[in-house]
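Asks: Turn these sequences into a full structure, and let the hints guide you.
No gaps in the numbering here: position 58 of the sequence shown is 1249 in this note's numbering, and each next residue is one more.
The hints are simulated quantities; they were obtained by calculation from the structure and are not laboratory data. C-beta atoms are modelled at their ideal positions from N, C-alpha and C, and glycine is treated no differently. Don't take each hint at face value.
With a straight-line Cα cutoff of 30 Å, these simulated DSSO-like cross-link-like pairs (lysine-lysine) come out [stated by the list, open to error]:
(1) K1374 / K1506
(2) K1497 / K1374
(3) K1374 / K1258
(4) K1418 / K1379
(5) K1379 / K1472
(6) K1258 / K1447
(7) K1444 / K1497
(8) K1374 / K1393
(9) K1418 / K1472
(10) K1447 / K1393
(11) K1379 / K1464
Label pairs and their in silico Cβ distance ranges [to be verified]:
(12) T1349 / R1442: 42 to 52 Å
(13) E1369 / E1229: 19 to 29 Å
(14) A1344 / E1385: 40 to 50 Å
(15) Q1419 / A1228: 35 to 45 Å
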Amino acid sequence: MNKTNDNSMTFGVAGTGAYLPSRIVSASELDRMMGRAEGWTARHAGVLERRWVEKETQSEMGAMAAKQALAEAGVDLREVDTLICASGTPEQPIPCTAARILGAMDNSASHLAAYDINATCLSFLVAFDHAAQLISTGRSRCVLLVSSEIASAGIDFTDAESAALMGDGAAAVLLSREAGAGKVLAFKMRTFPEGLELAELKGGGSLYHPTRRAFRLENYLFRMKGKQLFKLVSQHLGAQVSSLMQEQGLRWKDIKAVVPHQASGPAVDLLGKRLGIPEDKLLRIYPQVGNTIAASIPMALHELRKRTPLQRGDKLLLVGTSAGVSIASLLFEI
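Replies: What follows is the structure in structure tokens.
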């Protein structure tokens, strides 16, 4: 999928929000859980700590992040006409998580549409581009994007490669026609199904339903073939991002910040080195929160807005990978 947008209706980021559970799990604590030597997690994953839920639900976390985004924007929920949950894992298969987040915010709200978009770790990028299309075509004026993930529920502690990475949390971004003159300049996404089995959580759908197959806990835990996944991504990621930059006639000096999926320390390092991205433009939050699946990009965007004054005309590059295996990049002008 390749899109270069030239839309008459522009929009802006009206507000952002994030929620992190209070429980902090350090790299040292995780080393002990996995029976690894002290310092293994920090060295291999680059993650120093992450948050895990204790009592929070996915919809509750999403609702709290969404309310923060609305409060920052000074917008009431009644002004929102579309709520999209952009998460890689659902709270339950039916109903959609967006409806449950809306219910957690206000169970009497019935003036807006609420639905899910799932492209695993790339869910937010796909939803952002979709929301931009809704606003640019006049079908929506105010779209609330919410990503909420409880990765800790699916950790397989015998698979240290993935267990070292995962964190819980939620983030929200409010897009509004009235909030600015921004637009999506380009969006690219490709899927490489040769990597279908490189990152999987098999249970939760029809294929491994317990009425059809004997229940096995391992089917409900996330597993990743990290070296093979890293190799496949490294073959294609750089070329895709370079192509987008060349087509837009841009250099890194023209980009305000690069907001990557916080997959791991090595993954973000790969992106920076392959593309020659200046370190001061490459946003990293994984040392403090880990890999929060689809919530990682909007959470990083929220952090960027806290750290860096952004002005009209600034260009942000959002980029990431997901199970499938898919690679995507989105260029947004504020």
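Asks: Which numbered hints turn out to be false for this structure?
Replies: Going through the list in order, the structure violates hints 8, 10, 13, 14, 15 and respects the others.
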